[in-house]
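Chemist: What follows is each chain in one-letter form.
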Amino acid sequence: DTGVSQNPRHKITKRGQNVTFRCDPISEHNRLYWYRQTLGQGPEFLTYFQNEAQLEKSRLLSDRFSAERPKGSFSTLEIQRTEQGDSAMYLCASSLAYGKSSYNSPLHFGNGTRLTVT
Amino acid sequence: DAKTTQPPSMDCAEGRAANLPCNHSTISGNEYVYWYRQIHSQGPQYIIHGLKNNETNEMASLIITEDRKSSTLILPHATLRDTAVYYCIVRVGDNYGQNFVFGPGTRLSVL
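Chains W and B are the protein sequences, given in the same order. Residue numbering for the first sequence follows this note's numbering, starting at -11 and increasing by one per position. Residue numbering for the second sequence follows this note's numbering, starting at 71 and increasing by one per position.
Because the hints were derived from the structure by calculation, they are not lab data. From a predicted model like this one, the values you see are computed outputs, not experimental measurements. Hints are supplied without guarantee of correctness; some may be wrong.
Covered stretches of chain W (in silico footprint by chain B; criterion: 3 or more residues with CB under 8 Å from a CB of chain B, positions within the stretch not fixed) [said to hold, decoys possible]:
1. 21 to 32
2. 62 to 70
Part of the chain W face toward chain B, derived, beta carbon under 10 Å [stated by the list, open to error]:
3. N(-5)
4. I0
5. V7
6. M77
7. L79
8. C80
9. A81
10. P94
11. H96
12. F97
To give an idea of the chain B side of the interface with chain W (calculated C-beta under 8 Å), a few residues [stated by the list, open to error]:
13. Y104
14. H110
15. P114
Just so you know, even glycine gets a beta-carbon here, dropped at the ideal spot from N, CA and C.
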């Protein structure tokens, strides 16, 4: 199965520490998204890349959060100086979009990284 | 804000069809309807999507009303493994993540 892969699956960290998550999208997909999900809520959009360019960022993405996709393939999401409120599931999704197909291509999600900040 | 309204929960007997409704009364002409589901501790799984015609795949059928203000996801023979939260999403034509907004969804329990 060559679906979206996220690592690690779980991360426990102490408040104030930095953490980094990795996402490997489906290989031919040129778009990559990060979402955050807290308990009992639907996923919330954080940011989105087309190839290596970060094109959209949510207001949820504070200055402590940074995402990169250096070669247009895998992506990393780093959280600096973690806070307890950062505890959540961080989801990555990818899609293939070019031409008119971008109008209806679905997002395919990974199984997320669950972050617990103690 | 999510542009859809779904019941918070539903029950379905195993082996019966599960019909999950979604209202999207403010939908516009170029907006697609997508359905995803999420099983505990996993990422959302794509099920099906459509614009105005009914759609069917190996997982489900999507029935969109003629005025496109509502739709129904049909799981023809629900099993215990279909117990999940089901999200109905209306998305504007392009792929921008900002326009792919999840609401709280419907928690389907197959009994």
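Chemist: Out of the numbered hints, which ones does the structure contradict?
Modeler: Hints 2, 3, 4, 5 and 14 contradicted; others consistent.
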